[in-house]
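A.B. asks: This is what each chain is made of:
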Amino acid sequence: MCGISGLLKLDYSKADPSQLGTMIATLRHRGPDAGGVQVSGPVGLAHARLSIIDLQSGAQPMSTANSQLWITFNGEIFNYIELREELVGKGYQFATRSDTEVILHAYQEYGEDCVNHFNGQRAFAIWDATEQTLFLSRDRAGVRPLFYTQTSDSFLFASEIKALFACREVRREIDPRGMDQIFTFWVTIPPKTVFKNIFQVPPGHSLTIKSNRIRAQQYWSASYVRNGEAHDRSEQEAAMELLHLLQDATRIRLRSDVPVGAYLSGGIDSTLTTALVGKVAGSRLRSFSIAFEDRQFDESSYQQEASSFLGTQHSTVSCSNADIAEVFPEVIRHTEQPVLRTAPVPMFLLSRLVRESGFKVVLTGEGADEILGGYDIFKEAKIRRFWARSLESKWRPLLLKRMYPYLQEFRRQPTANLMHFFRVTPEDLASSFFSHLPRWELTARLKLLFSPDFRGQIGDYDAVGDLEENLPDDFSSWPHFTQGEYLETKYFLPGYLLSSQGDRMAMAHSVEGRYPFLDYRVLEFGAKLPVDLKMKVLNEKYLLKRACQGIVPASILGRTKQPYRAPDSRCFFNAAAPAYVHELLSPCAIKKNGIFEAPAVSALVNKFRAGKARSVKDDMALVGVLSTQLLAAEFINQ
Amino acid sequence: MQTIDIEREIRSFLIDNFLFGRTEEWRDHVSLLGNVIDSTGAIELVTFLQDRFAITVEDTEVVPENFDTLENVVAYVERKLPSKV
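Chains A and B are the protein sequences, given in the same order. Here the numbering used here is used: the first residue of the first sequence is 1, the next is one more, and so on. Here the numbering used here is used: the first residue of the second sequence is 1001, the next is one more, and so on.
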């Protein structure tokens, strides 16, 4: 895993190596092992290397022998061994053992279609000197980031936005509509980011820059099951197929010239991943996890149980409320977008533990909830639809009480309030976003905190309407359950989990995460899987649990699902809270940035100080304001 | 305590706690449950009523007839108060 950056002079003057050096210097945390800058006419490519495969000869930027093609590459091509054999069979000669060189020759052989041959997690840029073409591409699921912008005379790209901001010509401005999206969906909708004129290559997309024109194309999207679509496998056959896919996805993700560890959260997904790693690796595996001082978030007992069952050498980092407050500014420097939860922080501490333990690579269970029916939001939508079929029923809405058993404040709510909040109207039933409307409507209430001026800049922009225009043409022919999964997989997964909580937190300490559930073969399997095999009645991840029998301890298979969460705003309100909290939430600092209304923020802060803030909404509001203020302090007000 | 005072105090609480103090966002006669009070907010209102007016609110009393509008909440509190002062 690495950091990449580069630029193309649109007037075709010579690229400036010092500018590239400045850009890549901001990404050293992604690649501390080596670095390189290469200028080829109007193009400059830069690379910060985290050496994982071919430690001796995989330096970048790399070129073909004739210097026709140059590449800077972040990530892994897990099937590079098979692709290499294929290309050798076609007459290509290799000077290294790296997957980087495989990309170069695959591009020579297949052109831009090469991306369809890769099974990996990667972002790269290739400069074709003959064609004078710059080609950028990002992996299917959006594991690795790739941002770009354009100035009056240059096209610039990088793994992280801070590398783009290293160029003086790039303006630093918050995008009100990007903020509107964050404070609705928790994420921005690609290619938008929270900064004006800074874009991201959407997952599964490539960009071609030639003759000053940018052409974007989607090279991959999963084909989703449709209503009434027949499937010819038995449950047992489907479970076996899933297990075999996961075994192979894990096998190729162990290709590394450095030791590989695993995250072990105490849930089904990471326990299975760790078990599969152990079966392939054969040696005693190192596993890592987070423990919380606050017991309502802590899953240590399950982690220990899984570790004992699998025989791993286990290490744990303990996370206190004070830890979260202390490192939050550093975390936001890496997320490069506001967050509404502090959950990225413990992931930041975990990657530090991994790195200090001498590991660069970890496998995790990320992605299973999205593609195999694991999230409570799917359960919530199912209950609401069930209730809507008989709105007069007295007992159907009582099922609402079965949701979110880990949220104490939720469970204390009178049923009447839950019924009103989760009420289903005919308009809701007809909405493409039925599953997510309660969450988005709750989050959108945070926009009450925006200042009148900032609201004016947002204008009549309709984020939900904007998203609706991006839906696939045949979306309405999909099962409702699948529609909800699509929204999670397409937007929330890459926009938050794989970025703010994934890549950015791991790479902050030069650690590479690998995700067997995000192998495109598993993604395609999940997209076509009948929904009744994902959630049977209200039993989430039904097929996965069946596939795990005998591999994952029965106690973990049978436990109540507890999503990963971390203590939120309470971390920032105690006697030992860092000074920045008070400073950034002061009316003066709020007014200075102009994004939020100072009296509204003061009312919120006073509520926390008085110990009267208890709701999820207040927690999200406080974390959202504080992270936005940190973002502005880090990137705008310099 | 006069009805108008009870109403003012409850409205002020609702605006401060659920609308971040933005008075201009308040709409008279709208349904509170679902519109103003969020999924985990009813307990906040109940706690406030119990603390401020020294009444006991039973879970079974948190129903639309008592909590769906500001007017309903005020009427409910008045019924629960031992006597008007």
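You may find that some hints are simply not true.
[Stated by the list, open to error] Cut-off 25 Å, straight-line C-alpha distance, at most; resulting in silico cross-link-like pairs (SDA-like, lysine to any residue): (1) 612(A) / 1023(B); (2) 447(A) / 1027(B); (3) 401(A) / 1068(B); (4) 401(A) / 565(A); (5) 612(A) / 577(A).
[Stated by the list, open to error] Chain B side only, calculated, beta carbon under 7 Å to chain A, not exhaustive: (6) 1038; (7) 1039; (8) 1042; (9) 1054; (10) 1062; (11) 1074; (12) 1075.
Everything labelled a hint here was simulated from the structure, so no lab data went into it. Even for Gly, the Cβ is constructed at its ideal location relative to N, Cα and C.
A.B. asks: Does each hint fit the structure? Answer for all of them.
C.D. replies: Hints and how they fare:
Restraint check for residue 612(A) and residue 1023(B): the C-alpha separation of about 20 Å stays at or below 25 Å, so the hint holds. The suggested pairing of residue 447(A) with residue 1027(B) holds, with an alpha-carbon distance near 17 Å, which does not exceed 25 Å. Our distance criterion of 25 Å between C-alpha atoms is met by residue 401(A) and residue 1068(B), whose separation comes to about 20 Å. Between the alpha carbons of residue 401(A) and residue 565(A) the distance comes to roughly 20 Å, so the proposed pair stays at or under 25 Å and holds.
Between residue 612(A) and residue 577(A) the alpha-carbon distance is near 18 Å, which keeps this suggested pair within the 25 Å criterion. Interface hint status for residue 1038(B): upheld, as the beta-carbon distance to the closest one in chain A is roughly 5 Å, under 7 Å. Satisfaction of the interface hint for residue 1039(B) is found here, the shortest Cβ-Cβ separation to chain A being roughly 4 Å, below the 7 Å cut-off. Annotation: residue 1042(B) was flagged as interfacial toward chain A, and the flag holds, the nearest CB pair being 4 Å apart, inside 7 Å.
Interface restraint check for residue 1054(B): the shortest CB-CB distance to chain A comes to about 18 Å, outside 7 Å, so the restraint is violated. With a least beta-carbon distance of about 4 Å to chain A, the hint placing residue 1062(B) at the interface is held under the 7 Å criterion. With a least beta-carbon distance of about 18 Å to chain A, the hint placing residue 1074(B) at the interface is violated under the 7 Å criterion. Checking residue 1075(B) against chain A by beta carbon gives a least distance of about 16 Å; that is not within 7 Å, so the hint is violated.
Comparing the model with each earlier hint shows violations of hints 9, 11, 12; every other hint is respected.
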